[in-house]
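Chemist: With the hints as your guide, set chain E with the ligands onto chain W.
As given, the protein sequences belong to chains W and E, one line each in that order. Mapped onto our numbering, the consecutive letters of the first sequence carry residue numbers 1416 to 1855. Mapped onto our numbering, the consecutive letters of the second sequence carry residue numbers 67 to 157.
Treat the hints loosely; a few may be bogus.
[What the hints assert, rightly or not] In silico DSS-like links for lysine-lysine, alpha-carbon gap of 25 angstroms or less: (1) K1835(W) - K1781(W); (2) K88(E) - K1562(W); (3) K122(E) - K1567(W); (4) K1765(W) - K1784(W); (5) K122(E) - K1670(W); (6) K147(E) - K1670(W); (7) K97(E) - K122(E); (8) K1795(W) - K88(E); (9) K1795(W) - K1759(W); (10) K144(E) - K88(E); (11) K1545(W) - K122(E); (12) K144(E) - K1588(W); (13) K1593(W) - K122(E); (14) K1588(W) - K147(E); (15) K1470(W) - K1781(W).
No lab work stands behind these hints, which were simulated from the structure alone.
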Amino acid sequence: MIRFDVVVIGAGPAGLSAAYKLASSGIKVAVVEKGEYPGSKNVMGGVLYLSPLKKLISETIVDEMLQANVVERNVIEQNMWFLSDDGVIKAGHRNEKWKTSPNAFTVLRAKFDNWFAKKVEKTGALIISKTKVEDFIWENDEIIGVKTSRPKGEIYCKAVVIAEGVNPILTLKAGLRKRDITPKMAAIAVKEIIPMSTERINDIFGVGNENEGATIEIIGSWSKGMMGIGFLYSNKDSISLGAGVLIEDLKQNNKFTPYELLQNLKEHPAISELLGENKNSANEYMAHLIPEGGYYSMPRLYDNRILVVGDAGMMVNSIHREGSNHAITSGMLAGETLVDAFEKGDFSRKFLKKYYLKLRDSFIIKDLKKYKDLTSIMEKNHQFFEIYPSLLNDAAYRFLNVDGTPKWEMQKEIFEMFRKRRGLIGMTIDALKMWKGVRG
Amino acid sequence: MRIEDKLFLNRYRTDEENPHLKIINMEICKKCKNRPCINCCPAGVYEWDGESMEVKFEGCLECGTCRIVCPYQNIEWKYPKGNYGILYKFG
Ligand SMILES: Cc1cc2nc3c(=O)[nH]c(=O)nc-3n(C[C@H](O)[C@H](O)[C@H](O)COP(=O)(O)OP(=O)(O)OC[C@H]3O[C@@H](n4cnc5c(N)ncnc54)[C@H](O)[C@@H]3O)c2cc1C
Ligand code: SF4
Ligand code: SF4
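Extracted from the complex, chain W is given alone in its bound form (with noise of 0.2 angstroms):
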């Protein structure tokens, strides 16, 4: 019989933060993933905010990132483009301390992963790689090990953490969440990886080197009224352009599919001018869920030893694109928790209940809660995706474009337009929801 203090399910962020937490306090821990090599099945934009992994390794894991060569580029500009059909208003920020002392790395993630999860081996943790956790082992109501899908497969162990990641199969299992995750409560992304030349890349977005680089988030026409956010990453050599809509928003469309979407974006002419002739080549294609649902999609996140982390608690703040830093932090705090459990021996739902506390008195909790209502605002009002991006844009075409019209006649028009197209109640009544929504 194999036996383990901890088993983690999954091996991306979440997980591997649990497990590294453990096994560097001398807990035995197996991380059973399903993919070939942590990473093989995991998608993301890919923005890595650095913060939460020096709290959970140290300072000097950034440098160990940069030489060991897992990191693409070090974000020292954020943009956000809003489209019309045939315009762009961009905004966006430049900052030399971030030169200095990184914020953020564009990462693919299955290099990344893959590196993390070597990393934790190092502590002592046990990956096992190419194995499914199919199901749980119960005795008297209460979880004491995990199938999987190996031949005698069954690991036997005092704590479970599951990290699966946003389709909640194992989550559902186990009893902490009652119903499964709604149309609403997620985003489908897809993206692609188009080649690109070092140099080209430091030329569009004006960087140095090949070790700073920028990113775009986009937001206006592709989406076709739907609430979708496309995004433009510069990596190394390559761009990864991705485009995630609600689903709720897609399945109520019913016209354009996730890829038909992509399309749209790259057929911009803003974007289209930027990709230039690499438009139509492209390394790998995919798909990945984004929660969406944010606080009140929650499952419960612990009961007698279990604990849910990262994606599979729902832990996303969308509107920033913050996910990773979720998943590493509540990883980190959910591995601090079962240490202090095992000192004590105790692993009942009342113990691991400081889990939840820990969380709540960090950003994540507090951030989730911050924007609570955000969300389910934007997808029932589109024109904060539709109607805005093309207002701004006309609104900017017809101050910028120089045809005689006096300054003053030409505000009074600007004026008619937005009166117009959306109506003065209008503009006010999404001011005062948007106000609500960031306020929380």
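Modeler: Leaving out everything else, chain E with the ligands in the frame of chain W:
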């Protein structure tokens, strides 16, 4: 680029004998309004031939959209066996 060409870029290890996606009851699909699995799937796995739903599970990217979007929970949805299915090089 057609979806087939996009999927062609990817690496898969297909478990031919064990499809991980199955329609539970074809009669339900016959009556299903709009058949949202078809339009929402990012890999074009579902195809309605007028009488039944073809499920080209080999191209599945394992995202879970069809699982969530099917109004009747009419898809028996599993991840492929350990080590099978999509195998990203970049991710
Ligand atoms: C397109 C896209 C863009 C994103 N962009 C960003 C971004 O820019 N910045 C950011 O911070 N976040 C981003 N996110 C969110 C981020 O990717 C997630 O929040 C993060 O990956 C969650 O980590 P996790 O460990 O909880 O889950 P995952 O990374 O999904 O890991 C789950 C792991 O569990 C394994 N697994 C599942 N079930 C089983 C089983 N039964 N047996 C064995 N193994 C199993 C899976 O194979 C996988 O390896 C993005 C997400 C997407 C989809
Ligand atoms: S959504 Fe479900 S019921 Fe409808 S066609 Fe697809 S599988 Fe069948
Ligand atoms: S899991 Fe995703 S890719 Fe696979 S069939 Fe369902 S919707 Fe399509």
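Chemist: Can you confirm whether the C-alpha distance between K1588(W) and K147(E) stays at or below 25 angstroms?
Modeler: Holds, because 18 angstroms separates the two Cα atoms, which is no more than 25 angstroms.
Chemist: Given the hint that K97(E) pairs with K122(E), test it: the Cα-Cα distance must not exceed 25 angstroms.
Modeler: 21 angstroms, holds
Chemist: Straight-line Cα separation of K144(E) and K88(E) no greater than 25 angstroms?
Modeler: 9 angstroms, holds
Chemist: Compare the distance between the alpha carbons of K1470(W) and K1781(W) with 25 angstroms, and conclude whether the hinted pair is satisfied.
Modeler: The hint holds at about 19 angstroms.
Chemist: Mind checking the alpha carbons of K1835(W) and K1781(W) for me, to see if they're no more than 25 angstroms apart?
Modeler: Violated, at roughly 39 angstroms.
Chemist: Given the hint that K144(E) pairs with K1588(W), does the C-alpha gap stay at or below 25 angstroms?
Modeler: Judged against 25 angstroms, a Cα distance of about 13 angstroms means the pair holds.
Chemist: Given the hinted pair K147(E) and K1670(W), is their alpha-carbon gap at most 25 angstroms?
Modeler: Between K147(E) and K1670(W) the Cα gap is close to 33 angstroms, so the pair fails against 25 angstroms, i.e. violated.
Chemist: Tell me if the straight-line CA distance from K1593(W) to K122(E) falls inside 25 angstroms.
Modeler: Violated, at roughly 31 angstroms.
Chemist: Could you grab the alpha-carbon distance between K1795(W) and K1759(W) and see if it respects the 25 angstroms cut-off?
Modeler: 48 angstroms, violated
Chemist: Is K1765(W) close enough to K1784(W), meaning Cα to Cα at most 25 angstroms?
Modeler: This hinted pair holds, its Cα atoms lying about 23 angstroms apart.
Chemist: Has the given pair, K122(E) with K1567(W), been kept, meaning a C-alpha gap of at most 25 angstroms?
Modeler: With a Cα-Cα distance of about 31 angstroms, the restraint between K122(E) and K1567(W) is violated, given a limit of 25 angstroms.
Chemist: Is the hinted pair K88(E) and K1562(W) satisfied, with a Cα-Cα distance of at most 25 angstroms?
Modeler: The hint holds at about 23 angstroms.
The structure shown violates the earlier hints numbered 1, 3, 6, 8, 9, 13.
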